[in-house]
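Visitor: Work the whole structure out from these sequences, hints included.
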Amino acid sequence: DSGVTQTPKHLITATGQRVTLRCSPRSGDLSVYWYQQSLDQGLQFLIQYYNGEERAKGNILERFSAQQFPDLHSELNLSSLELGDSALYFCASSVDYNTEAFFGQGTRLTVV
Amino acid sequence: GDSVTQMEGPVTLSEEAFLTINCTYTATGYPSLFWYVQYPGEGLQLLLKATKADDKGSNKGFEATYRKETTSFHLEKGSVQVSDSAVYFCALSDMNYGQNFVFGPGTRLSVLP
Chain F
393 DSGVTQTPKH LITATGQRVT LRCSPRSGDL SVYWYQQSLD QGLQFLIQYY
443 NGEERAKGNI LERFSAQQFP DLHSELNLSS LELGDSALYF CASSVDYNTE
493 AFFGQGTRLT VV
Chain C
-2 GDSVTQMEGP VTLSEEAFLT INCTYTATGY PSLFWYVQYP GEGLQLLLKA
48 TKADDKGSNK GFEATYRKET TSFHLEKGSV QVSDSAVYFC ALSDMNYGQN
98 FVFGPGTRLS VLP
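Protein chains in written order, with this note's numbering: chain F, 393 to 504; chain C, -2 to 110.
Hint data in this document are derived by calculation from the structure and do not stem from the laboratory.
Do not rely on the hints blindly, as some may be mistaken.
[Claimed, not checked] Which residues of chain F face chain C? A partial, calculated answer using Cβ under 10 Å:
(1) SER423
(2) GLN440
(3) ARG447
(4) GLY450
(5) PHE461
(6) THR491
(7) GLU492
(8) ALA493
[Stated by the list, open to error] Derived coverage of chain C by chain F (criterion: at least 3 residues anywhere in the stretch with Cβ under 8 Å from a Cβ of chain F; other residues may be distant):
(9) 40 to 46
(10) 97 to 107
No residue lacks a Cβ here, since even glycine has one placed at the ideal position from N, Cα and C.
Guide: Spelled out as structure tokens, the structure:
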């Protein structure tokens, strides 16, 4: 158990809908990362937050947004969902910028 | 920007064979280097890490040495087991340039009994 909790574990939704994925980092970790893992594109970095502020942005679509709350949990919002958004979404947390990151078990999103 | 290159595989070995998975990186600063492993249906788990040149990370029989001169961090294990079948990701994190974790594409390893 990494200590990073992601909910829900599985999500099935229709095209055009909006979903929210939630991540609780390990106790004491200030940095939260979101990644998308699909079969054909590997592990794609989406966005990073550090202590509530956006720290780095990757290949995150405009339809996607995220935030980190004062209690350090984070949410990833995916809207106007398309079939191609079906993937595993991982959250990771770390104490600081270049210390090791610990990954949650992921949320498997299926868009039908 | 920073990047990580690794052999994509798949790599198929017999039990007790020697394993090498090559990883090279490009970074503008002085990154920390990591190997992560993903077992089927699970998230990524940290396997080992090295934070400076010539450091050797090791865990569960796996080893990797941070080679600054060749910008490499190859993963090795002397005798693989069926239970080592997984996808292995090389990654770097470069604090000096505010980089998030940069992952390689992953290498799928299958170990046959």
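Visitor: Run every hint past the structure and note whether it holds.
Guide: Status of the hints after comparison with the structure:
For F:SER423, the suggested interface contact is upheld, since its CB lies about 9 Å from the closest CB of chain C, less than 10 Å. Here the hint on F:GLN440 is kept, as its CB sits about 5 Å from the closest CB of chain C, short of 10 Å. Proximity of F:ARG447 to chain C holds as hinted, the smallest CB-CB distance being about 7 Å (cut-off 10 Å). For the restraint placing F:GLY450 at the interface with chain C, the shortest Cβ-Cβ distance is roughly 7 Å, inside the 10 Å limit, so the hint holds.
For F:PHE461, the interface hint is violated, since its Cβ never comes within 10 Å of a Cβ in chain C; the closest pair sits about 20 Å apart. A distance limit of 10 Å between C-beta atoms decides the matter here; for F:THR491 the minimum to chain C is near 8 Å, and the interface restraint holds. A hinted interface residue such as F:GLU492 counts as satisfied when its beta carbon comes closer than 10 Å to some beta carbon of chain C; here the least separation is about 5 Å, so the hint holds. For F:ALA493, the interface hint holds, the least distance from its beta-carbon to any beta-carbon of chain C being 6 Å, beneath 10 Å.
Counting residues of the segment 40 to 46 of chain C whose CB lies closer than 8 Å to any CB of chain F gives 5, which reaches the minimum of 3, so the coverage claim holds. Here's how the segment 97 to 107 of chain C fares: 6 of its residues keep a CB closer than 8 Å to some CB of chain F, so the rule of at least three is met and the hint holds.
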